[in-house]
Structures are given as C-alpha cells and as structure tokens.
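Trainee: Residue-level listing of the chains:
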Amino acid sequence: DAMVIQNPRYQVTQFGKPVTLSCSQTLNHNVMYWYQQKSSQAPKLLFHYYDKDFNNEADTPDNFQSRRPNTSFCFLDIRSPGLGDAAMYLCATSREAGGDIRYFGAGTRLSVL
Amino acid sequence: AQSVTQPDIHITVSEGASLELRCNYSYGATPYLFWYVQSPGQGLQLLLKYFSGDTLVQGIKGFEAEFKRSQSSFNLRKPSVHWSDAAEYFCAVGAHNTNAGKSTFGDGTTLTVKP
Numbered sequence: 001d002a003m004v005i006q007n008p009r010y011q012v013t014q015f016g017k018p019v020t021l022s023c024s025q026t027l028n029h030n031v032m033y034w035y036q037q038k039s040s041q042a043p044k045l046l047f048h049y050y051d052k053d054f055n056n057e058a059d060t061p062d063n064f065q066s067r068r069p070n071t072s073f074c075f076l077d078i079r080s081p082g083l084g085d086a087a088m089y090l091c092a093t094s095r096e097a098g099g100d101i102r103y104f105g106a107g108t109r110l111s112v113l
Numbered sequence: 001a002q003s004v005t006q007p008d009i010h011i012t013v014s015e016g017a018s019l020e021l022r023c024n025y026s027y028g029a030t031p032y033l034f035w036y037v038q039s040p041g042q043g044l045q046l047l048l049k050y051f052s053g054d055t056l057v058q059g060i061k062g063f064e065a066e067f068k069r070s071q072s073s074f075n076l077r078k079p080s081v082h083w084s085d086a087a088e089y090f091c092a093v094g095a096h097n098t099n100a101g102k103s104t105f106g107d108g109t110t111l112t113v114k115p
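Protein chains in written order, with this note's numbering: chain A, 1 to 113; chain B, 1 to 115.
Here chain A stands alone, though its shape is the one from the complex (with noise of 0.2 Å):
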C-alpha cells in the first residue's frame, strides 16, 4: 500500500497561472518534504516541515510556498509558474530529519504551457 501519495501524477498549467501540488501520508512522520528534479538531476530540497515548523531552503525562490495543514497533508504552491518551473516534484516524508530515511511518493509531472 502506498505510505507517501502524491496527487495528481501529472499536471499541467499555463504560464503564470496558480498551481498546487498535493501530498498526503500514512506514515505520522514528522517531516514532510518537497523536493524539485530536473530531468537527469539530484532531487533538489524546496523545504520541509518539521511538524508545524517550516523550514525553507536559502535559494527556494518566493514563487514557492508551502501548507501544511495537519500531519498527514502538505502542499505546494506555485505562485507564478514559469517555463523553468517544469520538472517532477517529489514529496517525502521521515520520521526524524537530518540523516532519517526518506520515503517518497511517486512524483508529480509538471508541464508548463
């Protein structure tokens, strides 16, 4: 049964245009994560949350933002999407953070028109 469920697998949006990712756990980890991949790339960390506690990565641009609305939600806003935007974005979750295992739902595709 899938612990990290990540909705839709595949979205597409227009140029500028508001979109919101959505990613739910069966896991009641505390951290939750959003990672952006390139194609060919390393995952790359947005943020995460610690609980309620957001942590935000020093060069996450501010067209992306993050909700958190109990332990089992998180979601991921795009303000503004540009074409370099397009990528899958992964959710992720641990018990711990630092250096706990990850474990991660299947992605979001996210095409810019």
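Hints are computed from structural coordinates only; laboratory data are not their basis.
Virtual Cβ for every residue (Gly too), placed ideally from N, Cα, C.
Check before you lean on any hint, since a few could be wrong.
Examples of chain A residues toward chain B, derived with CB under 10 Å [what the hints assert, rightly or not]:
| id | residue |
| --- | --- |
| 1 | Phe15 |
| 2 | Lys17 |
| 3 | Gln37 |
| 4 | Leu90 |
| 5 | Ala97 |
| 6 | Asp100 |
| 7 | Ile101 |
| 8 | Gly105 |
Just a few of them, taken from the derived set where beta-carbon distance is under 10 Å, the chain B residues facing chain A [stated by the list, open to error]:
| id | residue |
| --- | --- |
| 9 | Tyr32 |
| 10 | Gln45 |
| 11 | Ala95 |
Straight-line alpha carbon distances no greater than 30 Å define the calculated BS3-like cross-link-like pairs of lysine-lysine that follow [claimed, not checked]:
| id | chain 1 | residue 1 | chain 2 | residue 2 |
| --- | --- | --- | --- | --- |
| 12 | A | Lys44 | B | Lys61 |
| 13 | A | Lys52 | A | Lys17 |
| 14 | A | Lys17 | A | Lys44 |
| 15 | A | Lys38 | B | Lys61 |
| 16 | B | Lys49 | A | Lys17 |
| 17 | B | Lys114 | B | Lys49 |
| 18 | B | Lys114 | A | Lys52 |
| 19 | A | Lys44 | B | Lys49 |
| 20 | B | Lys114 | B | Lys61 |
| 21 | A | Lys38 | B | Lys114 |
| 22 | B | Lys68 | B | Lys49 |
| 23 | A | Lys52 | A | Lys38 |
| 24 | B | Lys49 | A | Lys52 |
| 25 | B | Lys61 | B | Lys49 |
| 26 | A | Lys17 | A | Lys38 |
Start from chain A and add chain B according to the hints.
Mentor: Using the frame of chain A, we list chain B on its own:
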C-alpha cells in the same frame, strides 16, 4: 558542509554481470549513508542504509554496500544484474544531528543493462 560525489554519470553492464556503483562523501563525522533507486517517472526507493555497526550492509533486490571510512566511500554492489535493475541510483549522506534538516544527494548514476 556535507557533500556526495558519484563519479560515474552513466554505466552500462550486461545482464548477469556484476555491478559496482561508486559513491564518495565528505562529512566531518561518521555519517548516515543511503542508496536510493529511481525508476523512470517514479519516486525514490531506499535500497539500503548505513547508520553504524557492520560496515557491509545488505539491502533489497540483492544489493549490498560497504562503508569504508578510510576512503570516504560507500560503493554499491550487486553480483548479478537483472534487466529490471536499469534505473537511476542516488547515493545520499545525512547528518546525525536531527536538527540538520536534510540529506545531501549525489547527482546520480544511470544504469543501463544490455541483454
């Protein structure tokens, strides 16, 4: 700062041949080390991890890795590769400090398996 280097961008092996994927890390103390596999269009799946203890760790799908502190390496091995092993492989290093917030991933190695 921690970092991970995967020297091989792309490796091709024949089905049934042995495999070794290289990973070198930089970290100030004993790290947590991971290997993840990613099939096309999918998320990452943990193959194995090293936290402490025995330096040879066994993972899923017949993979193993050996932590060598003197060489700052954590190479992934498999004695006989199957066609289904074709994927992208990522090595990652994490901090013991649970406030650190992140693991660092290498840039990945793409494995192609020839029939």
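Trainee: Now, for every hint given, state plainly whether the structure supports it.
Mentor: These are the hints, each one checked on the structure:
Restraint check, Phe15 (chain A) versus chain B: the minimum CB separation of about 24 Å is more than 10 Å; hint violated. For the restraint placing Lys17 (chain A) at the interface with chain B, the shortest Cβ-Cβ distance is roughly 24 Å, beyond the 10 Å limit, so the hint is violated. Restraint check, Gln37 (chain A) versus chain B: the minimum CB separation of about 9 Å is within 10 Å; hint holds. Interface hint at Leu90 (chain A): satisfied, since its Cβ lies 5 Å from the closest Cβ of chain B, which is below the 10 Å cut-off.
A least Cβ separation of about 5 Å between Ala97 (chain A) and chain B falls short of the 10 Å threshold, and the interface hint therefore holds. Against a cut-off of 10 Å between C-beta atoms, the interface hint on Asp100 (chain A) holds, since the closest Cβ of chain B lies about 7 Å away. For Ile101 (chain A), the suggested interface contact is upheld, since its CB lies about 6 Å from the closest CB of chain B, less than 10 Å. A least Cβ separation of about 5 Å between Gly105 (chain A) and chain B falls short of the 10 Å threshold, and the interface hint therefore holds.
Of the supplied interface hints, the one on Tyr32 (chain B) holds, with its beta-carbon coming within about 3 Å of a beta-carbon of chain A, less than 10 Å. Because the beta carbon of Gln45 (chain B) sits about 7 Å from the nearest beta carbon in chain A, less than 10 Å, this interface hint is met. With 10 Å as the threshold, the beta carbon of Ala95 (chain B) comes within range of chain A, its nearest partner Cβ sitting at about 5 Å, so the hint holds. At roughly 26 Å between alpha-carbon atoms, Lys44 (chain A) and Lys61 (chain B) fall within 30 Å of each other, so this suggested pair holds.
About 27 Å separates the Cα atoms of Lys52 (chain A) and Lys17 (chain A), which keeps this hinted pair within 30 Å; it holds. Pair hint Lys17 (chain A) plus Lys44 (chain A) holds up; C-alpha atoms about 23 Å apart against a cutoff of 30 Å. With a C-alpha separation of about 26 Å, the suggested pairing of Lys38 (chain A) with Lys61 (chain B) holds against the 30 Å cut-off. A hinted pair counts as satisfied when its Cα atoms are at most 30 Å apart, and Lys49 (chain B) with Lys17 (chain A) does not qualify at roughly 40 Å.
For the given pair, Lys114 (chain B) sits about 28 Å from Lys49 (chain B) by alpha-carbon distance, which is consistent with the 30 Å threshold. At most 30 Å may separate the alpha-carbon atoms for a hinted pair to count; Lys114 (chain B) and Lys52 (chain A) exceed this at roughly 47 Å. Note on Lys44 (chain A) and Lys49 (chain B): the hinted pairing holds, with a Cα-Cα distance of about 20 Å set against a maximum of 30 Å. Between Lys114 (chain B) and Lys61 (chain B), the direct Cα distance comes to roughly 18 Å. Compliance with the 30 Å bound is thereby established for this hinted pair.
For the hint pairing Lys38 (chain A) with Lys114 (chain B), the CA-to-CA distance comes to about 26 Å; that is within 30 Å, so the pair holds. For the hint linking Lys68 (chain B) to Lys49 (chain B), the alpha-carbon distance of about 14 Å falls within 30 Å, and the restraint holds. At most 30 Å may separate the alpha-carbon atoms for a hinted pair to count; Lys52 (chain A) and Lys38 (chain A) meet this at roughly 28 Å. The straight-line distance between the Cα atoms of Lys49 (chain B) and Lys52 (chain A) is roughly 28 Å, inside the 30 Å bound, and the hint therefore holds.
Distance check on the hinted pair: Lys61 (chain B) and Lys49 (chain B) sit about 14 Å apart at the alpha-carbon level, within 30 Å; holds. Between Lys17 (chain A) and Lys38 (chain A) the alpha-carbon distance is near 20 Å, which keeps this suggested pair within the 30 Å criterion.
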